[in-house]
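There are 2 protein chains.
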Amino acid sequence: MALYSIIDHFIPLQDDRLLEIADRLDPKLHHTQVLPVSVCRADGEEISPEKMLLPEALPAMELKHGESVCLDFGDHQTGYLTLDLDFAGSHPDAPAHICLQFAEHLQEFTENSAEYKGWVSGSWIQEEKVHIDVLPARLALPRRYAFRYLKLTVLDTSPKYRLVIRGAECDAVSSADDTDLSACAPADPELKQIWKICVRTLHDCMQSVFEDGPKRDRRLWMGDLRLQALANYCTFRNLDLVKRCLYLFGGTRFPDGRVSACLFTEPRVEADDTCMFDYMLFYPVVLEEYLAEKEKEGADRETLQDLYGIAQQQIDLALAQVDADGIVHGDRLGTVFIDWAPGLNKDGCAQAVLIYAIDYAVRLAVRKGDKERAAVLREKQALLKQAARKVFWEEKEQCFSSGGQKALATQVWMVLARVASPEEACRIFDRAEEFNRECGMMTPYMHHYFVTALLSCGRKEEALAHIRWYWGSMAKAGADTCFETWVPEDPKASPYGGSVVNSYCHAWSCTPAYLLPVWFPEA
Amino acid sequence: MALYSIIDHFIPLQDDRLLEIADRLDPKLHHTQVLPVSVCRADGEEISPEKMLLPEALPAMELKHGESVCLDFGDHQTGYLTLDLDFAGSHPDAPAHICLQFAEHLQEFTENSAEYKGWVSGSWIQEEKVHIDVLPARLALPRRYAFRYLKLTVLDTSPKYRLVIRGAECDAVSSADDTDLSACAPADPELKQIWKICVRTLHDCMQSVFEDGPKRDRRLWMGDLRLQALANYCTFRNLDLVKRCLYLFGGTRFPDGRVSACLFTEPRVEADDTCMFDYMLFYPVVLEEYLAEKEKEGADRETLQDLYGIAQQQIDLALAQVDADGIVHGDRLGTVFIDWAPGLNKDGCAQAVLIYAIDYAVRLAVRKGDKERAAVLREKQALLKQAARKVFWEEKEQCFSSGGQKALATQVWMVLARVASPEEACRIFDRAEEFNRECGMMTPYMHHYFVTALLSCGRKEEALAHIRWYWGSMAKAGADTCFETWVPEDPKASPYGGSVVNSYCHAWSCTPAYLLPVWFPEA
Numbered sequence: 439m440a441l442y443s444i445i446d447h448f449i450p451l452q453d454d455r456l457l458e459i460a461d462r463l464d465p466k467l468h469h470t471q472v473l474p475v476s477v478c479r480a481d482g483e484e485i486s487p488e489k490m491l492l493p494e495a496l497p498a499m500e501l502k503h504g505e506s507v508c509l510d511f512g513d514h515q516t517g518y519l520t521l522d523l524d525f526a527g528s529h530p531d532a533p534a535h536i537c538l539q540f541a542e543h544l545q546e547f548t549e550n551s552a553e554y555k556g557w558v559s560g561s562w563i564q565e566e567k568v569h570i571d572v573l574p575a576r577l578a579l580p581r582r583y584a585f586r587y588l589k590l591t592v593l594d595t596s597p598k599y600r601l602v603i604r605g606a607e608c609d610a611v612s613s614a615d616d617t618d619l620s621a622c623a624p625a626d627p628e629l630k631q632i633w634k635i636c637v638r639t640l641h642d643c644m645q646s647v648f649e650d651g652p653k654r655d656r657r658l659w660m661g662d663l664r665l666q667a668l669a670n671y672c673t674f675r676n677l678d679l680v681k682r683c684l685y686l687f688g689g690t691r692f693p694d695g696r697v698s699a700c701l702f703t704e705p706r707v708e709a710d711d712t713c714m715f716d717y718m719l720f721y722p723v724v725l726e727e728y729l730a731e732k733e734k735e736g737a738d739r740e741t742l743q744d745l746y747g748i749a750q751q752q753i754d755l756a757l758a759q760v761d762a763d764g765i766v767h768g769d770r771l772g773t774v775f776i777d778w779a780p781g782l783n784k785d786g787c788a789q790a791v792l793i794y795a796i797d798y799a800v801r802l803a804v805r806k807g808d809k810e811r812a813a814v815l816r817e818k819q820a821l822l823k824q825a826a827r828k829v830f831w832e833e834k835e836q837c838f839s840s841g842g843q844k845a846l847a848t849q850v851w852m853v854l855a856r857v858a859s860p861e862e863a864c865r866i867f868d869r870a871e872e873f874n875r876e877c878g879m880m881t882p883y884m885h886h887y888f889v890t891a892l893l894s895c896g897r898k899e900e901a902l903a904h905i906r907w908y909w910g911s912m913a914k915a916g917a918d919t920c921f922e923t924w925v926p927e928d929p930k931a932s933p934y935g936g937s938v939v940n941s942y943c944h945a946w947s948c949t950p951a952y953l954l955p956v957w958f959p960e961a
Numbered sequence: 439m440a441l442y443s444i445i446d447h448f449i450p451l452q453d454d455r456l457l458e459i460a461d462r463l464d465p466k467l468h469h470t471q472v473l474p475v476s477v478c479r480a481d482g483e484e485i486s487p488e489k490m491l492l493p494e495a496l497p498a499m500e501l502k503h504g505e506s507v508c509l510d511f512g513d514h515q516t517g518y519l520t521l522d523l524d525f526a527g528s529h530p531d532a533p534a535h536i537c538l539q540f541a542e543h544l545q546e547f548t549e550n551s552a553e554y555k556g557w558v559s560g561s562w563i564q565e566e567k568v569h570i571d572v573l574p575a576r577l578a579l580p581r582r583y584a585f586r587y588l589k590l591t592v593l594d595t596s597p598k599y600r601l602v603i604r605g606a607e608c609d610a611v612s613s614a615d616d617t618d619l620s621a622c623a624p625a626d627p628e629l630k631q632i633w634k635i636c637v638r639t640l641h642d643c644m645q646s647v648f649e650d651g652p653k654r655d656r657r658l659w660m661g662d663l664r665l666q667a668l669a670n671y672c673t674f675r676n677l678d679l680v681k682r683c684l685y686l687f688g689g690t691r692f693p694d695g696r697v698s699a700c701l702f703t704e705p706r707v708e709a710d711d712t713c714m715f716d717y718m719l720f721y722p723v724v725l726e727e728y729l730a731e732k733e734k735e736g737a738d739r740e741t742l743q744d745l746y747g748i749a750q751q752q753i754d755l756a757l758a759q760v761d762a763d764g765i766v767h768g769d770r771l772g773t774v775f776i777d778w779a780p781g782l783n784k785d786g787c788a789q790a791v792l793i794y795a796i797d798y799a800v801r802l803a804v805r806k807g808d809k810e811r812a813a814v815l816r817e818k819q820a821l822l823k824q825a826a827r828k829v830f831w832e833e834k835e836q837c838f839s840s841g842g843q844k845a846l847a848t849q850v851w852m853v854l855a856r857v858a859s860p861e862e863a864c865r866i867f868d869r870a871e872e873f874n875r876e877c878g879m880m881t882p883y884m885h886h887y888f889v890t891a892l893l894s895c896g897r898k899e900e901a902l903a904h905i906r907w908y909w910g911s912m913a914k915a916g917a918d919t920c921f922e923t924w925v926p927e928d929p930k931a932s933p934y935g936g937s938v939v940n941s942y943c944h945a946w947s948c949t950p951a952y953l954l955p956v957w958f959p960e961a
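Protein chains in written order, with the working numbering: chain A, 439 to 961; chain B, 439 to 961.
In isolation and in its complexed conformation, chain A is listed as follows (with noise of 0.2 Å):
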């Protein structure tokens, strides 16, 4: 996720109880070391699999001024680099001055970062300018990257020596346990790739807090927490990782007590000022989802006491914004984001999330024992539906329209939101093309979503069919991890003006490894 707002002068209400809970949760990391397996000279421009030497070979590969080798680390990795670096030929007079470059897809060594104008900060791509004036030298670079592939490129030497590069090493890090999950593997080929990859995702974004991805922006997303969750809990099952967050969006949020869309952890917890309409509609989601998953190993009454509060907030700020149509103006509270699909309409899509989320705020009430407020929530809920109907669904054409789109995130929503029958969602999935080329899906957080949505009307095989093509075409472009942004036909498409700065290990993209075990056993 990247998106951001600005306001002035923002102070976040904190609570330094929730946020003291936090503390007491924040996971010791596993460290792992990481040798390179092969080993390539880069000095053209391609880099091809086809090229790689064994890791042995790289001392030999001297480098003068302008020459490159690519590393590659045999899989994704969040971690610290340490490089050992010596010389061949006459003692250095002069410093050795390189670039190291690091991609999580060889994609991104295709890129000229110097040509990227995205509305993105340029300072997320992984590249590094460093002199070294003594040699050998031992550079242990004192920053985290997310990468597969390091490229060293020497820009200045002297003719007196070329750079030797002895040894390589990733000091990988992750909150997540290195238990051995390939048990739990689908048995098909294909799906077994597919959740491989996003086991690794998961693992590589899990660190002291679930990161949306380790190379951008490095922080909790609100929404990207509830799908990491799920995958959480069919793998790594770091339920207290999960609570913590919860408790960090608990104890930072808007002074008006809107959960923030995301936080910062460093130098100390603090909300953004970027508040986002459905992102915000996903802690009681989050929650519900924690507390049941929670209750298979015994109840956690604490978390639902502390928190139970901070959610309900979250569904009363958004029926604050419903006008006397019944339609939400998510808007008012901050971005409706949805999905990155460029023009899409999302008004019928807040109406349904808001709908989906007060589900969830029921069944926290019913939890808790507060059946007034379960009953609140029904009712208002029937309202919102019925306005939902009244205003977004087409008789005529049997589908969701909002703002004269039909668009397919739209029905998703209004699907997932039982805004229409069985039988009307059902059929609408019949014309998921038709929707799909008014407007289509751009994320694999999206995608998610609209898997689920299928799942939801029984259309398993197809939503089994939907996996396999669209993570099936993610794996076969090379994925190790799931790229956070990803449209088959637009390998390069990136909302931030320039794929550079996409992220290529991006949490929101992994949920298959929830969907597969949880909804296809036996494949």
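Everything labelled a hint here was simulated from the structure, so no lab data went into it. Don't take each hint at face value.
Unchecked claim - Simulated pairs of lysine-lysine, DSS-like, Cα-Cα distance not exceeding 30 Å:
id	chain 1	residue 1	chain 2	residue 2
1	A	Lys555	B	Lys589
2	A	Lys834	A	Lys809
3	B	Lys555	A	Lys930
4	B	Lys502	A	Lys930
5	B	Lys567	B	Lys598
6	B	Lys555	A	Lys555
With chain A held as given, fit chain B onto it using these hints.
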């Protein structure tokens, strides 16, 4: 100095005993905390003293994408930079990517480092690009820089925040004692300014060895050491540092015993595989001058004992390259440097430098009580002078010519070697301008020898006028320290193919700190 040769599989002769003595003399570095004295925005091209504000203005100069500030530390510094960085606006949602450029002279900021294509490594350009993940941050750069000015440019933030510089500090280092030397300064204001610049230059080049320049090459060169030692005797009088350097040069040499043109001290002491004929011959010169200076405080028999053989060996190695015609072929042992003046024929100079060095070797022999050696050397010297007279003296033209060229440098060295009679020598400098036109001088290093040649003929007034004009023009060009290379008519001249790698604090240029007090105590 910067010049190189490459010898495959070069293994220097190491004398551990000498290197241990050198190591014991490794000086303590003095640290001085230096704060900026003024600051200005530097978004456009020009930074001029008139635009500078008090440093208190710095934190208010909030920097967006592409914006710059310039900090002036008041004088040339050799040291380490620490910045206190912060932000204004919303919590940073992306790293700050900054570029730091260090300049000894403002001219460096007008040069585009990316365009430099010279033969000296561009890695000497003092420019760093750094990502800062968390703000506020205390950024302590690990490398040492030579600078008065710092330019910080924000390559990228995000629209959510501006970068703020709360403070900046230089931890300046030098092995020169911070004694106030101003009482020794000439009274004449112009000369005082020249003297001040020279003393600062020496101060900032005195580190764990006498470095040629703290920007480039940051190491000990033999010919540079000769002039640094002279200036040191009249200023900081760190005699142990000269002794240390003599032991270093003695302790790591060419396998045949030649003193290397320069040496490295990191990661361990090691001679460079570059020999320069004239530089090698300065070893007995520096040793003799050190002992003479040391004698004022009490004799240093150990150093004479330890290094005498090495000093005499340099002469013998050179004499072995004298052919039957009595002319030395210096280039068989290494480059003959003399000066960077393009097209200079160096045959005559090489002959003269050998004759000149023998003077010092004779004095060493006398000091050692080695009468036989002294006698042999005097005899050899006489033959060399005869041959020089025969081959290089143009009776008709009453000047010296080398390869058909009557360069000023050739006249200077022949006069210093006393190949001309005092009367001839004196008349030669009546025509200095003529020889200068034929082939002039490019470095203050060569200008020093020109001045001493004038002084050797008693042309004292002219010598002072030359100091006033040549070093004075450097001061007028904004020098805080002496430039490595300086042609007043061509301020951007560089022997390296681009002035961006020029050093603007080069100790071989600081000899007015010696010439003025010794030759013009009345000035």
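Tested hints:
1. Distance restraint check for A:Lys555 and B:Lys589: the Cα-Cα separation of roughly 23 Å lies within the 30 Å cut-off, and the hinted pair is therefore satisfied.
2. Distance check on the hinted pair: A:Lys834 and A:Lys809 sit about 39 Å apart at the alpha-carbon level, beyond 30 Å; violated.
3. In summary, the hint linking B:Lys555 to A:Lys930 is not supported, as the alpha carbons are separated by about 35 Å, beyond the 30 Å threshold.
4. Between B:Lys502 and A:Lys930, the direct Cα distance comes to roughly 29 Å. Compliance with the 30 Å bound is thereby established for this hinted pair.
5. Straight-line distance between C-alpha atoms of B:Lys567 and B:Lys598 comes to about 21 Å, which keeps the hinted pair within the 30 Å bound.
6. Between B:Lys555 and A:Lys555 the CA atoms are separated by roughly 28 Å; this keeps the pair inside 30 Å, and the hint holds.
Taken one by one, the earlier hints fail for this structure at numbers 2, 3, listed in ascending order.
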